[in-house]
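> For chain A, the structure is supplied; the task is to place chain B on it using the hints.
Chain by chain, the residues:
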Amino acid sequence: MMLDATRSGVMLAIVIMALVTYLTRAGGVFVMSRVPIGPRVERFINAMAGSVLVAVITPMAVNGDWGARMALVATLMVMLTLRKPLPAITAGVLTAALWRLF
Amino acid sequence: MTLEHDSRLTLGHLVSGFRRMAPLSLFVIVFGLAFGVAALQQGLSGLETMMMSGLVFAGAAQFATLELWGETIPLLPLIAITLAINARHLLMGAAFYPHLRELPAGRRYASLILLSDANWAMAMTGGSNAARLGILVGGGIALWSTWMIGTGLGVVFGSGINEPESFGLDAIMGCFLLAMLVGDKRDLSVLLPWGAAALAALAAMAWLPPHAHVIVGALAGGVVGLLLPSRQESRA
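Chains as they are written, first to last, in our numbering: chain A, 22 to 123; chain B, 2 to 237.
The shape of chain A in the complex, shown without the other chains (with noise of 0.2 angstroms):
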């Protein structure tokens, strides 16, 4: 299944990618508008909400430099002391920044 990088043939990967990604999209609130949501149900689906966020984020620290690293911990301490994302979001940068600068 290849498709020819004519004009045509490369609109028309980008709109089967824009379809598959709008599936993702719309999939889990289809499947969740067929599902009856009992407590149990409702406890695995707020689990995995914020799982979802740690799944993301665990590369990035693993993965990432120590700047990133550094940021990430500066994210969090302000984020726990202050509770306020913007403060804490820019000292992280800022620590990757200054962590990177010396």
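Hints listed in this document are in silico derivations from the structure and should not be mistaken for laboratory results.
Here the structure is a predicted model, which is why all the values come from computation and not from measurement.
Ideal placement from N, C-alpha and C gives every residue a C-beta, glycine not left out.
Wrong hints could be hidden among the right ones.
Said to hold, decoys possible - Taking CB as the label site, the calculated pair distances span:
1. B:L77 <-> A:R104: 40 to 50 angstroms
2. A:V94 <-> B:L189: 12 to 22 angstroms
3. B:L209 <-> A:M98: 30 to 40 angstroms
4. B:L209 <-> A:V62: 21 to 31 angstroms
5. A:M98 <-> B:L193: 18 to 28 angstroms
6. B:E103 <-> A:F123: 47 to 57 angstroms
7. A:L101 <-> B:P78: 38 to 48 angstroms
8. B:R102 <-> A:V36: 27 to 37 angstroms
9. B:E72 <-> A:K105: 47 to 57 angstroms
10. A:R104 <-> B:T73: 47 to 57 angstroms
11. A:E63 <-> B:L56: 44 to 54 angstroms
12. B:P78 <-> A:P60: 20 to 30 angstroms
For chain B alone, kept in the frame of chain A given last:
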């Protein structure tokens, strides 16, 4: 009709969501710029690059599939990689479903068009269903706009910022998602599912095919969350 009141999305909610997402969105310009430059180097035309950013609107998948675009385009790998990287949307959508359930199907599925990590994460932090929907859609519009602006700048001006990492900009998405994750939670009971998610993601990175780690980690965290409170309930 009365059932929908809580979920009714007004222009005010959209504008408020747009505004709350605006600061982070500005940084998305840098990522869009990097993608525009990379896509041109791969041989895509400016129009094709803009079309891809506009229609697909999924940075990680767009970057990851770039190497597939050559003289011919292998469709199955293109679909497989796109699915693998974006499969996390399935779980994100499922988690957001309770806030969409009162909507008629058309608006429900339309409001998911711009679902991505950042606006979803912010929408999950709290508020009424309408406010959350405003963040998902309004914030999505903010992110989409800046992603397009960035891609356009990359296409027009080429390599403007070659090394965003030297400014710490590559860290911003991780820091943002972490800040959204921590939120104002004071409940330590989340630590077990989150720990399980991190460990499962690490294991998947080591032993499973690329891009599987998000799904594996998220499902592991969900299962631990499912098992944990039931024990407390049985004790109570």
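> Now tell me, hint by hint, if it's right for this structure.
Hints and how they fare:
1. B:L77 <-> A:R104: 40 to 50 angstroms: holds, 46 angstroms
2. A:V94 <-> B:L189: 12 to 22 angstroms: Holds: the Cβ-Cβ distance is about 19 angstroms, inside 12 to 22 angstroms.
3. B:L209 <-> A:M98: 30 to 40 angstroms: Roughly 32 angstroms apart at Cβ, these two residues keep to the hinted range, so it holds.
4. B:L209 <-> A:V62: 21 to 31 angstroms: Cβ of L209 of chain B to Cβ of V62 of chain A: about 25 angstroms, so the range 21 to 31 angstroms holds.
5. A:M98 <-> B:L193: 18 to 28 angstroms: holds, 22 angstroms
6. B:E103 <-> A:F123: 47 to 57 angstroms: Hint holds: Cβ distance 53 angstroms, inside 47 to 57 angstroms.
7. A:L101 <-> B:P78: 38 to 48 angstroms: Because 42 angstroms falls inside the window, the suggested range holds.
8. B:R102 <-> A:V36: 27 to 37 angstroms: Roughly 30 angstroms apart at Cβ, these two residues keep to the hinted range, so it holds.
9. B:E72 <-> A:K105: 47 to 57 angstroms: At roughly 51 angstroms between Cβ atoms, K105 of chain A and E72 of chain B fall inside 47 to 57 angstroms, so the hint holds.
10. A:R104 <-> B:T73: 47 to 57 angstroms: Since R104 of chain A and T73 of chain B have Cβ atoms about 52 angstroms apart, the given range 47 to 57 angstroms holds.
11. A:E63 <-> B:L56: 44 to 54 angstroms: violated, 34 angstroms
12. B:P78 <-> A:P60: 20 to 30 angstroms: violated, 41 angstroms
The structure fails hints 11, 12 (numbered hints given earlier, in ascending order).
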